[in-house]
Amino acid sequence: MTPRGHRISVEVNGHMHGGEVPARLTLVDWLRDELHLSGTHVGCEHGICGACSVLFDGEAVRSCLMFAVQADGHRVTTVEGLSGEDGRPGELQDAFCETHALQCGYCTPGMLIAAHALLRGNPHPTEAEIREAIGGNLCRCTGYQQIVEAIEHAAAKLAERGAR
Amino acid sequence: MASADAPGEFRYIGKRRRTKEGPRFVQGRGRYVADVALPGMKHVALVMSPHPSARIVAIRTEAARALAGVRYVLTGEQFCAATESLQIGVDAPQVTRYALAHEVVRYAGEWVVAIVADSRALAEDAAELVEVEYEPLPFVVDPERALAADAPLVHAAHGSNVLYHRRFVWGPVDEAFAGAAHRIAFRAVWGRSSTVPIETFGVVARWDPGTELLDVWASIQMPKFPDQVARALRLPGNAVRVHYDVDVGGSYGGKRGLKHTVLAGYLAMKLGAPMRLIEDRLENMRGGDAHGPDRIFDMEAAFDSDGTIRALRIRAVDDVGAYTGRAPLQLGKPITAICGPYRIAAIEYEPTSVMTHKTPQEAVRGFGQSPTNFALERMMDRVAAHLGMDRIALRRHNLIRKDEFPYRIPSGSAYDSGDYHTVLDKALAAIDYPVLVAERDAARRAGRLAGIGISTCLEPSGGNAAFEILFNPKNETTTWMDSCLVRVDLAGAVTGVIGTSSSGQGHETLVSTVIGEVLERDPASIRVARADSLSALPSNSPVGSRMAIMLGGAAAGAARMIREALIAIAAHNLDCSVEKIDYRDGDVSVIGDPSRKMTWDQLVEIAHRKYHRLPPGMEPGLQAKFVWEVPTGGGLPTPDGRVQMYPCYAFEAHVVYVEIDPDTARPELRRYVCGHDCGVMINPDIVHGMTYGGIAHGIGAALYEKFAYTPDGQLASGTFMDYLIPSALEVPALTIVDHCTPSPLTTFGQKGSGEAGYLGAPAAIANAVNDALAPLGTTLDTLPMTPHELWRKISAARATARS
Numbered sequence: 001m002t003p004r005g006h007r008i009s010v011e012v013n014g015h016m017h018g019g020e021v022p023a024r025l026t027l028v029d030w031l032r033d034e035l036h037l038s039g040t041h042v043g044c045e046h047g048i049c050g051a052c053s054v055l056f057d058g059e060a061v062r063s064c065l066m067f068a069v070q071a072d073g074h075r076v077t078t079v080e081g082l083s084g085e086d087g088r089p090g091e092l093q094d095a096f097c098e099t100h101a102l103q104c105g106y107c108t109p110g111m112l113i114a115a116h117a118l119l120r121g122n123p124h125p126t127e128a129e130i131r132e133a134i135g136g137n138l139c140r141c142t143g144y145q146q147i148v149e150a151i152e153h154a155a156a157k158l159a160e161r162g163a164r
Numbered sequence: 001m002a003s004a005d006a007p008g009e010f011r012y013i014g015k016r017r018r019t020k021e022g023p024r025f026v027q028g029r030g031r032y033v034a035d036v037a038l039p040g041m042k043h044v045a046l047v048m049s050p051h052p053s054a055r056i057v058a059i060r061t062e063a064a065r066a067l068a069g070v071r072y073v074l075t076g077e078q079f080c081a082a083t084e085s086l087q088i089g090v091d092a093p094q095v096t097r098y099a100l101a102h103e104v105v106r107y108a109g110e111w112v113v114a115i116v117a118d119s120r121a122l123a124e125d126a127a128e129l130v131e132v133e134y135e136p137l138p139f140v141v142d143p144e145r146a147l148a149a150d151a152p153l154v155h156a157a158h159g160s161n162v163l164y165h166r167r168f169v170w171g172p173v174d175e176a177f178a179g180a181a182h183r184i185a186f187r188a189v190w191g192r193s194s195t196v197p198i199e200t201f202g203v204v205a206r207w208d209p210g211t212e213l214l215d216v217w218a219s220i221q222m223p224k225f226p227d228q229v230a231r232a233l234r235l236p237g238n239a240v241r242v243h244y245d246v247d248v249g250g251s252y253g254g255k256r257g258l259k260h261t262v263l264a265g266y267l268a269m270k271l272g273a274p275m276r277l278i279e280d281r282l283e284n285m286r287g288g289d290a291h292g293p294d295r296i297f298d299m300e301a302a303f304d305s306d307g308t309i310r311a312l313r314i315r316a317v318d319d320v321g322a323y324t325g326r327a328p329l330q331l332g333k334p335i336t337a338i339c340g341p342y343r344i345a346a347i348e349y350e351p352t353s354v355m356t357h358k359t360p361q362e363a364v365r366g367f368g369q370s371p372t373n374f375a376l377e378r379m380m381d382r383v384a385a386h387l388g389m390d391r392i393a394l395r396r397h398n399l400i401r402k403d404e405f406p407y408r409i410p411s412g413s414a415y416d417s418g419d420y421h422t423v424l425d426k427a428l429a430a431i432d433y434p435v436l437v438a439e440r441d442a443a444r445r446a447g448r449l450a451g452i453g454i455s456t457c458l459e460p461s462g463g464n465a466a467f468e469i470l471f472n473p474k475n476e477t478t479t480w481m482d483s484c485l486v487r488v489d490l491a492g493a494v495t496g497v498i499g500t501s502s503s504g505q506g507h508e509t510l511v512s513t514v515i516g517e518v519l520e521r522d523p524a525s526i527r528v529a530r531a532d533s534l535s536a537l538p539s540n541s542p543v544g545s546r547m548a549i550m551l552g553g554a555a556a557g558a559a560r561m562i563r564e565a566l567i568a569i570a571a572h573n574l575d576c577s578v579e580k581i582d583y584r585d586g587d588v589s590v591i592g593d594p595s596r597k598m599t600w601d602q603l604v605e606i607a608h609r610k611y612h613r614l615p616p617g618m619e620p621g622l623q624a625k626f627v628w629e630v631p632t633g634g635g636l637p638t639p640d641g642r643v644q645m646y647p648c649y650a651f652e653a654h655v656v657y658v659e660i661d662p663d664t665a666r667p668e669l670r671r672y673v674c675g676h677d678c679g680v681m682i683n684p685d686i687v688h689g690m691t692y693g694g695i696a697h698g699i700g701a702a703l704y705e706k707f708a709y710t711p712d713g714q715l716a717s718g719t720f721m722d723y724l725i726p727s728a729l730e731v732p733a734l735t736i737v738d739h740c741t742p743s744p745l746t747t748f749g750q751k752g753s754g755e756a757g758y759l760g761a762p763a764a765i766a767n768a769v770n771d772a773l774a775p776l777g778t779t780l781d782t783l784p785m786t787p788h789e790l791w792r793k794i795s796a797a798r799a800t801a802r803s
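Which chain is which? The protein sequence lines are A and B, in order. Just so you know, the first sequence maps onto residues 1 to 164 in the numbering used here. Just so you know, the second sequence maps onto residues 1 to 803 in the numbering used here.
It should be emphasised that the hints constitute simulated quantities derived from the structure, not laboratory data. This structure is a prediction, so every number in the text was calculated from the model and none was measured. There may be inaccurate statements among the hints.
[To be verified] Below, a sample of chain A positions facing chain B; criterion: calculated Cβ distance under 8 Å:
| hint | residue |
| --- | --- |
| 1 | GLU80 |
| 2 | GLU98 |
| 3 | LEU138 |
[As the list claims (entries may be wrong)] Taking CB as the label site, the calculated pair distances span:
| hint | chain 1 | residue 1 | chain 2 | residue 2 | range |
| --- | --- | --- | --- | --- | --- |
| 4 | A | GLY18 | B | PRO23 | 55 to 61 Å |
| 5 | A | HIS36 | B | GLU476 | 45 to 51 Å |
| 6 | A | LEU65 | B | ALA796 | 37 to 43 Å |
[Unchecked claim] Chain A is nowhere near these chain B residues, computed Cβ spacing over 12 Å in every case:
| hint | residue |
| --- | --- |
| 7 | PRO50 |
| 8 | TYR252 |
| 9 | TYR407 |
| 10 | ILE591 |
Cβ atoms here follow ideal geometry from the backbone N, Cα and C, with glycine treated the same way.
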């Protein structure tokens, strides 16, 4: 019994991807298994840990709580899409390296997505605003300290670049 | 925020440098087990027991087998006949353990049937179609109830629920209790929590019938893993190849996954297809067999009026759940620091490891030390309260002094070095303790519940497994080595080869920094590769806070051999003695005659190509291996159970300020400082990161995280909606203050730090909460101190006050 497929067309990291998917396929499984974008991780599959966060039309969402069919006609950005056009880490990713904002790296893509969404809407966040923005992303390694520092660092660098 | 005293005599060690691992992780280029996709791979889902204890009457699998895409259905009857029971750490041969239950189930969540299908979704569909008929049996989930003579037995063949019990007496305990002016006794309870990494456990296994080789990719942190997998599958050790180049998405001790791997390996061999078994969150929480210590301490202390603690009696009952591996040994490791950082001359320790019908326990960060530290530090605060003495003064009075090291404690271990008083002073200064006291007192006057907590705790490090011998007389393991291979290739590039996987500890950064330091080459240019288990040198994996010491020491040893080889080649070719060679950045010259010199490239080329220019007898090529035994290791225990366990002892002093909402009982950690001394730090960012993370983990254990069981034996917190991992909103801004007392036992003076923070945070937070509760005349010595538990305590205290 092959589940009936649904045609979808989704812009992922700036490229159009089409395909036929079963209705019950989650967005994260489609990204990982069909598009081979393995940077998005699966942590809890019930929407708490945030490891599977992606940008959906620019907003951070849990790709484990969405079906792939719901993404039809929308724009998705994964961690792979955060790198610059030259393929090198962007400012935020670089800041995570600078302050050692990761250890095992498993929550990191989701954290980057949450931080990216924050900085786009609020380029000068306070520490409290940063903690609020990543409050839905669980990290077991870092105690969040160096992640908060990374986001502060990235905000400062981005402001510096904007001021130039 | 962290402040550091960077040691000056090193070029790369102790300096802030970016890690080698960072770039691949921030780009989503990590390679975790779920990213290993092999052609033709099949997927495993599991049917779990709904009962804590039951006889399996019948298993009906026809409907599951009939589903399209289902390739195999495996039950325990077949699996247990074809594989060996997993090994356990104590002498209890009747306590068998297999991945699938056979005849009886012993906890709710235990795996009963494994389904193999073309996709995980299909396998889950099929799992729903399996019908298992059970006859429920009596069960026990309370560890003290499990000790009763009439308790239902978890493993009837074992004849008892007790896995291990012994009473150790080190020093004149009874005399000290008889002679001391004061005594207290109290109970402290450490709740069942664990490491709960964001990545669940996963394994991919592939059997090649042509080579008769089982390849394994797994998210493991497990000593002697390949040997145990091979043994359980009745394969020779060299028929299992474990790939260590798998990024592990967090472990903190817990990712052992033996039963998962044996099951996946068996299925891969049986079906001739690659097999993927990746736990979903429910499988992980209920049946992943990775709960943590669940421990009741009955503590007694004898002390003088001036605060001198003369003797301790510690009775610890630990609930390992329904099956066991190394879990009982978590009662053994704390023997290496059983009196904490204090001068206490006589100690009685009575550990009991007991089985119940709950999910099995696995290793957790600190291997039992954090619960012990919590009990010790509650004792210190209770002694101070009993005497009306300041908590800090009491600690200062009992802390081992800087000039007393090496200091041998009654249970046999010698502490290597430390400066506990200074670290405590630094932490108090950093938080501005007098101001903090004033802040707390002002908050209390304003009607708020406010408290300051202090803990001074040890982190034994260097991971020697001497507790194995203490807990199992048939075991004579006295080495716990680690190793490294360093190669310089023809083009002069340096590679360090290690034989273990990493779960965030930054081993590539560690090894490249150490090799770079010794060879005076830029660590950024040094690659660190991971051998698989068939090509690796011996390793005991990153457990026991050991890699800075053991892998760092091994890498340094191998790098030094390379350096010595280069110097020997130089001396031979420059026609002088090795003592006359000046080695600088890999290039060499003759001391006093700098015009006679050779470059790194020239020396390397000779080693690889010009045998005629090598010193006589030197092996060509340029590589060196070094296997390092744990410093101070190798000894057997005395008959009364004294043994040198871990070599190195890091120290941490926590000061935390908490306010508890008097109406909702929500605790808020408002200030947090940790003074930390782990000797020389190889990479301060990594040490600080693990310490911050350890504190956050400790906040969870102290306030939020619990694998709670209902009276009918069901796990009540199997999701992240009820098992509460602290988020960035519960973890406050953290301040670490470093101090450096080098270890005299290690290559660069380093000590371990992988368990830092976690070993003192629960103790400090428990003390802070109790300080906040003190004005109400109530105490709470049970972790986690959830808002609900706090609210009950506060309400009861107020009701008492009103009546």
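| request: List, from low to high, the hint numbers that the structure doesn't satisfy. | output: Hints 4 and 8 are the ones this structure does not satisfy, whereas the remaining hints hold.
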